[in-house]
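These protein sequences, in sequence, are chains D and A. Throughout the first sequence, residue numbering follows the UniProt record's numbering, covering 1 to 455 in sequence. Throughout the second sequence, residue numbering follows the UniProt record's numbering, covering 1 to 455 in sequence.
Derived from the structure by calculation, the hints contain no laboratory data. Errors might be hidden in some of the hints.
A few chain D residues that don't get close to chain A, going by computed Cβ distances all over 12 angstroms [as the list claims (entries may be wrong)]:
{"#": "1", "residue": "A78"}
{"#": "2", "residue": "G143"}
{"#": "3", "residue": "I185"}
{"#": "4", "residue": "Q246"}
{"#": "5", "residue": "L276"}
{"#": "6", "residue": "G300"}
{"#": "7", "residue": "K332"}
{"#": "8", "residue": "P371"}
Label pairs and their in silico Cβ distance ranges [as the list claims (entries may be wrong)]:
{"#": "9", "chain 1": "A", "residue 1": "G238", "chain 2": "D", "residue 2": "G238", "range": "49 to 57 angstroms"}
{"#": "10", "chain 1": "A", "residue 1": "E426", "chain 2": "D", "residue 2": "A191", "range": "50 to 58 angstroms"}
{"#": "11", "chain 1": "D", "residue 1": "D258", "chain 2": "A", "residue 2": "F199", "range": "30 to 38 angstroms"}
{"#": "12", "chain 1": "A", "residue 1": "A78", "chain 2": "D", "residue 2": "A78", "range": "15 to 23 angstroms"}
{"#": "13", "chain 1": "D", "residue 1": "T172", "chain 2": "A", "residue 2": "A350", "range": "55 to 63 angstroms"}
Idealized CB from N, CA, C, for every residue including glycine.
2 protein chains.
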Amino acid sequence: MTTNDDALPDAPAGAETPPAGGVSGAEVRGGEARGGLSRRGLIGLAAGIGAAGLAVGAGAGSAAGVAVGRARVGASEASVHPFFGVHQAGITTPVQDHLHFASFDMMARTNRDDLIELLQDWTYAAARMSQGLDVSATGAVGGSPEAPPDDTGEALGLAANGLTITFGFGPTLFQTGAGEDRYGIAAQRPAALTPLPAFLGDDLDPLASGGDLVIQACADDPQVAVHAIRNLSRIAFGRARLRWSQLGFGKTSKTTADQATPRNLFGFKDGTANILADDTAALDAHVWVGSGDEPAWMTGGSYLVARKIAMLIETWDRVRLAEQERVTGRDKAIGAPLSGGQENTAPDFAATGPGGAPAIDARSHVRLAHPDLNGGNRILRRGYNYVDGNTGLGRLDAGLFFLSYQRSPDQFVALQKALATDLLAEYIRHIGSGVWAVPPGAAAGSYVGAGLFDA
Amino acid sequence: MTTNDDALPDAPAGAETPPAGGVSGAEVRGGEARGGLSRRGLIGLAAGIGAAGLAVGAGAGSAAGVAVGRARVGASEASVHPFFGVHQAGITTPVQDHLHFASFDMMARTNRDDLIELLQDWTYAAARMSQGLDVSATGAVGGSPEAPPDDTGEALGLAANGLTITFGFGPTLFQTGAGEDRYGIAAQRPAALTPLPAFLGDDLDPLASGGDLVIQACADDPQVAVHAIRNLSRIAFGRARLRWSQLGFGKTSKTTADQATPRNLFGFKDGTANILADDTAALDAHVWVGSGDEPAWMTGGSYLVARKIAMLIETWDRVRLAEQERVTGRDKAIGAPLSGGQENTAPDFAATGPGGAPAIDARSHVRLAHPDLNGGNRILRRGYNYVDGNTGLGRLDAGLFFLSYQRSPDQFVALQKALATDLLAEYIRHIGSGVWAVPPGAAAGSYVGAGLFDA
Numbered sequence: 001m002t003t004n005d006d007a008l009p010d011a012p013a014g015a016e017t018p019p020a021g022g023v024s025g026a027e028v029r030g031g032e033a034r035g036g037l038s039r040r041g042l043i044g045l046a047a048g049i050g051a052a053g054l055a056v057g058a059g060a061g062s063a064a065g066v067a068v069g070r071a072r073v074g075a076s077e078a079s080v081h082p083f084f085g086v087h088q089a090g091i092t093t094p095v096q097d098h099l100h101f102a103s104f105d106m107m108a109r110t111n112r113d114d115l116i117e118l119l120q121d122w123t124y125a126a127a128r129m130s131q132g133l134d135v136s137a138t139g140a141v142g143g144s145p146e147a148p149p150d151d152t153g154e155a156l157g158l159a160a161n162g163l164t165i166t167f168g169f170g171p172t173l174f175q176t177g178a179g180e181d182r183y184g185i186a187a188q189r190p191a192a193l194t195p196l197p198a199f200l201g202d203d204l205d206p207l208a209s210g211g212d213l214v215i216q217a218c219a220d221d222p223q224v225a226v227h228a229i230r231n232l233s234r235i236a237f238g239r240a241r242l243r244w245s246q247l248g249f250g251k252t253s254k255t256t257a258d259q260a261t262p263r264n265l266f267g268f269k270d271g272t273a274n275i276l277a278d279d280t281a282a283l284d285a286h287v288w289v290g291s292g293d294e295p296a297w298m299t300g301g302s303y304l305v306a307r308k309i310a311m312l313i314e315t316w317d318r319v320r321l322a323e324q325e326r327v328t329g330r331d332k333a334i335g336a337p338l339s340g341g342q343e344n345t346a347p348d349f350a351a352t353g354p355g356g357a358p359a360i361d362a363r364s365h366v367r368l369a370h371p372d373l374n375g376g377n378r379i380l381r382r383g384y385n386y387v388d389g390n391t392g393l394g395r396l397d398a399g400l401f402f403l404s405y406q407r408s409p410d411q412f413v414a415l416q417k418a419l420a421t422d423l424l425a426e427y428i429r430h431i432g433s434g435v436w437a438v439p440p441g442a443a444a445g446s447y448v449g450a451g452l453f454d455a
Numbered sequence: 001m002t003t004n005d006d007a008l009p010d011a012p013a014g015a016e017t018p019p020a021g022g023v024s025g026a027e028v029r030g031g032e033a034r035g036g037l038s039r040r041g042l043i044g045l046a047a048g049i050g051a052a053g054l055a056v057g058a059g060a061g062s063a064a065g066v067a068v069g070r071a072r073v074g075a076s077e078a079s080v081h082p083f084f085g086v087h088q089a090g091i092t093t094p095v096q097d098h099l100h101f102a103s104f105d106m107m108a109r110t111n112r113d114d115l116i117e118l119l120q121d122w123t124y125a126a127a128r129m130s131q132g133l134d135v136s137a138t139g140a141v142g143g144s145p146e147a148p149p150d151d152t153g154e155a156l157g158l159a160a161n162g163l164t165i166t167f168g169f170g171p172t173l174f175q176t177g178a179g180e181d182r183y184g185i186a187a188q189r190p191a192a193l194t195p196l197p198a199f200l201g202d203d204l205d206p207l208a209s210g211g212d213l214v215i216q217a218c219a220d221d222p223q224v225a226v227h228a229i230r231n232l233s234r235i236a237f238g239r240a241r242l243r244w245s246q247l248g249f250g251k252t253s254k255t256t257a258d259q260a261t262p263r264n265l266f267g268f269k270d271g272t273a274n275i276l277a278d279d280t281a282a283l284d285a286h287v288w289v290g291s292g293d294e295p296a297w298m299t300g301g302s303y304l305v306a307r308k309i310a311m312l313i314e315t316w317d318r319v320r321l322a323e324q325e326r327v328t329g330r331d332k333a334i335g336a337p338l339s340g341g342q343e344n345t346a347p348d349f350a351a352t353g354p355g356g357a358p359a360i361d362a363r364s365h366v367r368l369a370h371p372d373l374n375g376g377n378r379i380l381r382r383g384y385n386y387v388d389g390n391t392g393l394g395r396l397d398a399g400l401f402f403l404s405y406q407r408s409p410d411q412f413v414a415l416q417k418a419l420a421t422d423l424l425a426e427y428i429r430h431i432g433s434g435v436w437a438v439p440p441g442a443a444a445g446s447y448v449g450a451g452l453f454d455a
């Protein structure tokens, strides 16, 4: 809402939506399909999936079955964020309650046209789903009974729930495979978009790391976020393949001042000093790629870093409160720095406690990560808690799915290096990692990442 | 709410709560700890966890740090269900949005007293958490700074969010190990509480099946449900060990008429004909163990069956709509039976379609599972959707975490046998399974399962 000033207006029930790519899709919402056209790729999707798949295209308007759109109910559930705009949604958007994050690899034998068409199809479907609509005009039940529905249907009856869908390009997308530049974009690779260096204590799982493409879906209803990733995965059929994914809940950062600071699974408030969505100056300085930055096609974009950080919570839970607070550098109850005050009081690293020792330990997390000790370096955090069941030893397999946006990946690298002596490191393990260039938002009528191919 | 008529009243902020076991716990809510006593077992917890663990008990009232309780905000978030009552909460309670389900095994060398004390400690903590409180009076930050807090803290600031915590006993709890009856309860085992028989197509993972004890935590905020399981696991330290667990979202059944029928990940409405919480006659007939049933300690209880059912959603998504509806026996859009009408119209299995074929296929899921073809056999369903990330092949690892409550496990067994020829079986795999005796609710001042030990 705050960042998409060139945005598609919210579509009222039954209104026509101008999807990306200049192809008009007619709405289906509790009435009959009105002869809408599916995107070329979506037709290809239906046609390409075996004998049962008849094309659902221009002729779908006469489909049997009652076409039912997705209702809008309740204020929070009805929340809609525009998909098109200067910046992609899902960065400064007020953090939603749930995350489904998915990394994809392009399939072998795909070419530039395949990649462009995939991004166009994803844009079309993402713009629709962001409005609480099915992935196409024929949707979940409005197509021919003799064809698989375009939409998988589990979000029927659910509103948009604040869904945002954010796309990014990994370093490997720009790599030249076997000496050739498959997608003709190697020359457009941002110089800073390289795999992250190894950090002290990294224990990375390749199957929770990297990926040519990434999608971050956030919504206040997990079924809406899951529906988005599932359908975008399906649309990618034959072109890109899900590499790894992560569900998250219980946001661990806030991006607006009226959001309460959430707690991570160590029981501490997290993200107190995050960059807020209305702090335009800080966003321009630390998050958005500026018009003077290279490459030009990234202007208005950002860089996304994901780190899957396993927390050794059983170990942490046996640490005395005073030590938990020393490690963190903050009070557990209200999140105040140990130098005193309230949650939003600036930490005073010179303050001393009883006996003259620093009130905030020199190796505490809050001190090592603080901008004042990192040359003013700030990032926008947008992470979630995760629980992936339990380990074979009967311990919860849980932690923090750290997500941050920054103007350059170098900001994250510098901060993570500064955390090398972090007292918290004893209680966490970085087990997944990735970095992606997040292009600016698509203009209405265009698609995400178009600038990369026009460059 | 509907089932706990001997219930603990909702505690206002700052009020004293009478927890189970007759031990009084003083509230900590935004003020200082008021000298509350922890349960014996909780003191044992703190004392038993290593050198850092000092006992937090009667002396904790003078603890440093500002003690902060859990706020109550918003109508849905503030929803509180009584823990004590005739029946356990979480069976006919309106289905919440999120599930954390955990199965435990008793540890070697535990005896009857250990089991009783564990159930007392769990009762104490569960009763408190159900009210939106920390696990003990000293809680997450009110204890001594030199001790690990009793509560792990990630739910600080979150209200009860409708949390229910439901406990059950598996067949293995009653088994005699190496010729001896460890817990002295073998004679009390319900005759029907035996491991489920193997069903056609079962592909069960032992690490997602069985367990001596089970806890079903449901809440409208996933962090609240996760907090409950985490803290109950922690309280079990040295006595029971987490065997397997499952997170779920997007409830797949309703238990009150005003809840919309949710959709499963096949995109179909699920649980349309579920037993509702106000249908006392059906509950007495099909869900609650009656006073004439054996054994007497189970009167007012029920039997829980869990089945982890993986859905082959990519395969399903390529099936044409007409076939999806034939398999299900219902229309996808509104959930009406294929014999016509609306969602709640009774299916007419005699109705024929064009050409004289049955409108509802004889092997459709709705027909094979219908009470009319199963001697009136009904169960109360309470399942959730799940997504456990993705498989190595890039497919979503997703499905239905089926939960049902019934007066006897035999009801589930008969229904599952009737589904042997279910058309749906081609698209699903049962990969986890368990059955537990769910004792009646605890009376205030007692603990869950007390009747088993008094028998």
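Now the hints, each set against the structure:
| no. | hint | in the structure |
| --- | --- | --- |
| 1 | A78 | holds, 15 angstroms |
| 2 | G143 | violated, 7 angstroms |
| 3 | I185 | holds, 23 angstroms |
| 4 | Q246 | violated, 7 angstroms |
| 5 | L276 | holds, 19 angstroms |
| 6 | G300 | holds, 31 angstroms |
| 7 | K332 | violated, 5 angstroms |
| 8 | P371 | holds, 26 angstroms |
| 9 | A:G238 - D:G238: 49 to 57 angstroms | holds, 53 angstroms |
| 10 | A:E426 - D:A191: 50 to 58 angstroms | holds, 51 angstroms |
| 11 | D:D258 - A:F199: 30 to 38 angstroms | violated, 52 angstroms |
| 12 | A:A78 - D:A78: 15 to 23 angstroms | holds, 22 angstroms |
| 13 | D:T172 - A:A350: 55 to 63 angstroms | holds, 59 angstroms |
Of the numbered hints stated above, those contradicted by the structure are hints 2, 4, 7 and 11, listed in ascending order.
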